[in-house]
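Enquirer: Here's the letter readout for the chains.
Protein chains: 2
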Amino acid sequence: MKYGVAIFPSKKMQDEANSYRKRYDPHYALIPPHITVKEPFVLEDKELEATISELREIAKSTEPFPLSVRKVSSFSPVTNTIYLKVEPVDELLKLNEKLHSGNLPNEQTYAFVPHITIAQKLSDDEFSDVFGSLKMQSFDMEETIDRFQLMYQLENGAWTVYETFTFK
Amino acid sequence: MKYGVAIFPSKKMQDEANSYRKRYDPHYALIPPHITVKEPFVLEDKELEATISELREIAKSTEPFPLSVRKVSSFSPVTNTIYLKVEPVDELLKLNEKLHSGNLPNEQTYAFVPHITIAQKLSDDEFSDVFGSLKMQSFDMEETIDRFQLMYQLENGAWTVYETFTFK
Numbered sequence: 618m619k620y621g622v623a624i625f626p627s628k629k630m631q632d633e634a635n636s637y638r639k640r641y642d643p644h645y646a647l648i649p650p651h652i653t654v655k656e657p658f659v660l661e662d663k664e665l666e667a668t669i670s671e672l673r674e675i676a677k678s679t680e681p682f683p684l685s686v687r688k689v690s691s692f693s694p695v696t697n698t699i700y701l702k703v704e705p706v707d708e709l710l711k712l713n714e715k716l717h718s719g720n721l722p723n724e725q726t727y728a729f730v731p732h733i734t735i736a737q738k739l740s741d742d743e744f745s746d747v748f749g750s751l752k753m754q755s756f757d758m759e760e761t762i763d764r765f766q767l768m769y770q771l772e773n774g775a776w777t778v779y780e781t782f783t784f785k
Numbered sequence: 618m619k620y621g622v623a624i625f626p627s628k629k630m631q632d633e634a635n636s637y638r639k640r641y642d643p644h645y646a647l648i649p650p651h652i653t654v655k656e657p658f659v660l661e662d663k664e665l666e667a668t669i670s671e672l673r674e675i676a677k678s679t680e681p682f683p684l685s686v687r688k689v690s691s692f693s694p695v696t697n698t699i700y701l702k703v704e705p706v707d708e709l710l711k712l713n714e715k716l717h718s719g720n721l722p723n724e725q726t727y728a729f730v731p732h733i734t735i736a737q738k739l740s741d742d743e744f745s746d747v748f749g750s751l752k753m754q755s756f757d758m759e760e761t762i763d764r765f766q767l768m769y770q771l772e773n774g775a776w777t778v779y780e781t782f783t784f785k
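Residue numbers (this note's numbering), protein chains in the order written: chain B, 618 to 785; chain S, 618 to 785.
Just so you know, not all the hints are guaranteed correct.
Which copy? The list can't say, so a pair holds if one copy fits it or any two copies do.
[Said to hold, decoys possible] Here are the simulated DSS-like cross-link-like pairs (lysine-lysine), alpha carbons at most 30 Å apart as the crow flies:
no.: 1; residue 1: Lys663; residue 2: Lys619
no.: 2; residue 1: Lys628; residue 2: Lys663
no.: 3; residue 1: Lys688; residue 2: Lys629
no.: 4; residue 1: Lys677; residue 2: Lys628
no.: 5; residue 1: Lys702; residue 2: Lys752
no.: 6; residue 1: Lys738; residue 2: Lys677
None of these hints come from the bench; they were simulated from the model.
Keep in mind the model is a prediction, meaning the values are calculated, not measured.
Chain B extracted, bound-state conformation (with noise of 0.2 Å):
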């Protein structure tokens, strides 16, 4: 089954993420508002109490850190994706480092960029209407995270939870 690590903002922040997303983007019905911490791998039933207890060590080794969000962000030219950029404090950047260690599986393949993306699969002309509006738009969001949450997906591509992992 095929497994994901997310972590959710506050109710207040997912709804200002929806507000793009319901025009923006496609996976808006598949899952809530998130930070991706761990990208999606694939665990076998018998493997995933041992991962179970590999995140439960991670998150009691994991202080609550300050989830802030001043500005938008994009990963183009490599894709149209737009979100929300989520400063990258040490403790995020750590929580990302624990879940890819251990025996846990190990498919980053890429450099972290903690984000909720608001906005994906944009043609180009759209991208740079709705990116150019943006960009010009500052944020003042901050809170706490003290949790994440393991996912897994079903056949439909939406995501129900498994199990929440609150810091010590």
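Fit chain S to the supplied structure of chain B, relying on the hints for placement.
Expert: Frame of chain B, contents of chain S only:
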């Protein structure tokens, strides 16, 4: 904020339910297939911690129980809702009771009928067609449930997980 308590069945059962929900349930995109064990209720932020303590105690006093689906049923003529009928085993009924006792909001105004909705808000004709064909079908799904999830609702009607509570 509006919260609710749900049980998600296995991926297999969710995929089966989604094969119907995709066509017949306008809530398809708002939450994965689930059993509602506590209807939506409102909590102030300051009430959240105490509620979570209660939910934790309830989970600790609950034994894993079998979830069996043998057939579909409906809430007709009250509503044109069709659902996978979940066998009302004692441990599930007791869990529902416990979730409406103590200091927890007791908003339940009708008898608890454990179910996984697969179709709702159908026209009368559509309902007759779909239910007429589904009620002839037998299902043979059984699995073990060992957790419930506290969810909260976003402005767009979608639900995000807050925390998982695993049984003892």
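Enquirer: Against each hint, give a clear statement of whether it holds in the structure.
Expert: Hints, one by one, checked against the model:
no. : hint            : result
1   : Lys663 / Lys619 : within (13 Å within a copy, 36 Å between copies)
2   : Lys628 / Lys663 : between (34 Å within a copy, 15 Å between copies)
3   : Lys688 / Lys629 : within (16 Å within a copy, 40 Å between copies)
4   : Lys677 / Lys628 : both (24 Å within a copy, 28 Å between copies)
5   : Lys702 / Lys752 : within (11 Å within a copy, 50 Å between copies)
6   : Lys738 / Lys677 : neither (37 Å within a copy, 45 Å between copies)
Against the hints set out earlier in the document, a violation occurs for number 6 only.
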